[in-house]
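Enquirer: Okay, here's what each chain looks like letter by letter:
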Amino acid sequence: MNESLGHIFLDSLLINNFVLSVFLGICPFIGVSGKLATAWRMGVSVIFVITVSSILAYGTNLLLVNFHAEYLRIITYIVIIASTVQMVEMFIKKTSPALFRALGIYLPLITTNCAVLGVALFQTAREYNFAQSVVFAIGSSAGFALALVIMAVIRERLELSDIPHTAKGTALVLMLAGILSLAFMGFAGMGQGG
Amino acid sequence: MHHAHGLVEPSPSESMESFLNGLWKQNPVFVQVLGMCPTLAITNSVRNALAMGLATLFVLVCSNALVALVRKLVPRQVRIATYILIIATFVTIVDYMIKAISVPVYKALGAFIALIVVNCIILGRAEAFASKNPVGKSILDGLGMGIGFFFALLCLGGVREILGAGAFLGYPLFGPNYQPWVLFLLPPGGFFTLAAWLLVFTSWQARKKRRQAPAEVQS
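Sequence lines, in order, name chains B and X. Reminder that position 71 of the first sequence reads as 72 in the numbering used here, one-by-one numbering, no gaps. Reminder that position 149 of the second sequence reads as 133 in the numbering used here, one-by-one numbering, no gaps.
Hints are computed from structural coordinates only; laboratory data are not their basis. Predicted, not measured: the structure shown is a model, and the values here were computed from it. Just so it is clear, CB atoms sit at the ideal spot from N, CA and C, and this is done for glycine as well. Incorrect hints may have been included.
Stated by the list, open to error - Computed far set for chain X versus chain B, every beta-carbon distance over 12 Å:
1) M0
2) L18
3) A25
4) R31
5) L41
6) A49
7) K56
8) L57
9) I64
10) V75
11) T76
12) P88
13) I131
14) G142
15) G150
16) L170
Claimed, not checked - Listed next, the in silico SDA-like pairs over lysine to any residue satisfying Cα-Cα at most 20 Å (straight line):
17) X:K193 - B:G170
18) X:K192 - B:A168
19) B:K169 - X:W181
20) X:K116 - X:L4
21) X:K83 - B:L173
22) B:K36 - B:A126
23) X:K91 - B:G170
24) X:K9 - B:E128
25) B:K169 - X:K91
26) X:K91 - B:A168
27) X:K9 - X:F158
28) B:K169 - X:K192
29) X:K83 - B:G170
30) X:K91 - B:T167
31) X:K91 - B:E160
32) X:K91 - B:S5
All chains should be modelled from the sequences, with the hints used to inform the complete structure.
Expert: Written out as structure tokens, the structure is:
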């Protein structure tokens, strides 16, 4: 695997956007996209968690391969992610109590955000080296944050519009996500040259 | 009446209710809107939906049983970590099982088998049900929820494969002149199909509610 770093970044940010075309992290995407203020904060903490856990997962995978214990991969990755989230939680609580209160329940829920485990598993499956893994982690988590912020802006604008009662809530978010996903398909051509 | 922890065996009707609850009234996908990622990602064919449904069903039943078994031994503070480790163990088993049974299915599902670990339905049932109920009842709950999830995956996979490929389980349905609606196999199709099913379910529930309480409805 010797894809260029720029290509990996663009690919994970736009072409294969984690939310809109790989379908990872849909639960927080539906749950936290109601307000712009919480959406971007969530996005930033996810970028942080994914980057840190991706670096840790890269190191752990080297160890596992060294000892021929690849069957422990899923278990160790999930432990790494849970402890990273715990660390980030303590760090934010210590440095910025205001942000900690604003994020509330969404912070511990990052553990079950499948995008985090997804990054760790994909970088292993694609045999990325260290630099590629980090760029991939930053690109895909930024892609998650981007999708989250776009959806939050659309939902805030739609708040006052007259929507049929049945379509309110999740069904509306999914329809909007479908349209966004259609739009993001337009980026698919960008990958051809690289 | 409230049962003391597992001292009283549940009556058959009560067990049946917790089974049917997951299947229909509390369907994990259409009513609780949980486990969205696998629901959208692997339902582009009925075969993948079947495999994912069975794998999730297996993990859900096993982890529910084990969580219910150890529920009195696990301290409250570390319960979530314990549940996740139990789930991850069964997911590893499923991962190797699918690889042994069928390599094409393993390749098609890819990372989504390992991602069963973070399917919120499973952790949700462990925390909300299995940690408070006896083993037998938890297994039934797991079966009900698992089959409910399986059913939802089939609903999506069926629509997407019929429209997107003009086939069902790989058998062509409409003859050679059918122009496949490829969009339904692509990511946007997943979002649109799930949105449509949710609309069907909510309008169906709203109608039932109106029928049950016609006096309360205004205008």
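Enquirer: Run every hint past the structure and note whether it holds.
Expert: Status of each hint after checking the structure:
1. M0: 29 Å, holds
2. L18: 7 Å, violated
3. A25: 4 Å, violated
4. R31: The claim stands: R31 (chain X) keeps its Cβ more than 12 Å from every Cβ of chain B (closest is about 18 Å).
5. L41: 18 Å, holds
6. A49: At about 19 Å from chain B, A49 (chain X) clears the 12 Å cut-off, so the statement holds.
7. K56: Nearest chain B Cβ is 23 Å from K56 (chain X), so the label holds.
8. L57: About 20 Å separates L57 (chain X) from the closest Cβ of chain B, which puts it past 12 Å; holds.
9. I64: Label violated. Min Cβ-Cβ 8 Å, cutoff 12 Å.
10. V75: Non-interface label on V75 (chain X) violated, nearest chain B Cβ at 6 Å vs cutoff 12 Å.
11. T76: 5 Å, violated
12. P88: 17 Å, holds
13. I131: The claim holds: I131 (chain X) sits with its nearest Cβ about 21 Å from chain B, beyond 12 Å.
14. G142: 18 Å, holds
15. G150: Given a closest Cβ separation of 21 Å, the condition holds.
16. L170: The claim breaks: L170 (chain X) does not keep its Cβ more than 12 Å from every Cβ of chain B (closest is about 7 Å).
17. X:K193 - B:G170: Given pair K193 (chain X), G170 (chain B) holds - Cα atoms ~18 Å apart, limit 20 Å.
18. X:K192 - B:A168: 17 Å, holds
19. B:K169 - X:W181: Given that 20 Å is the threshold and the Cα spacing comes to 14 Å, the pair holds.
20. X:K116 - X:L4: Judged against 20 Å, a Cα distance of about 19 Å means the pair holds.
21. X:K83 - B:L173: Violated - the C-alpha atoms of L173 (chain B) and K83 (chain X) are around 37 Å apart, more than 20 Å.
22. B:K36 - B:A126: 35 Å, violated
23. X:K91 - B:G170: 34 Å, violated
24. X:K9 - B:E128: 44 Å, violated
25. B:K169 - X:K91: Given that 20 Å is the threshold and the Cα spacing comes to 37 Å, the pair is violated.
26. X:K91 - B:A168: The given pair, whose Cα atoms are some 36 Å apart, is violated under the 20 Å limit.
27. X:K9 - X:F158: 34 Å, violated
28. B:K169 - X:K192: 18 Å, holds
29. X:K83 - B:G170: Roughly 38 Å between the alpha carbons, so the hint for K83 (chain X) and G170 (chain B) is violated.
30. X:K91 - B:T167: Roughly 38 Å between the alpha carbons, so the hint for K91 (chain X) and T167 (chain B) is violated.
31. X:K91 - B:E160: Roughly 42 Å between the alpha carbons, so the hint for K91 (chain X) and E160 (chain B) is violated.
32. X:K91 - B:S5: The hint is violated at about 25 Å.
Figure legend: structure checked against the earlier numbered hints; hints not met, in rising order: 2, 3, 9, 10, 11, 16, 21, 22, 23, 24, 25, 26, 27, 29, 30, 31, 32.
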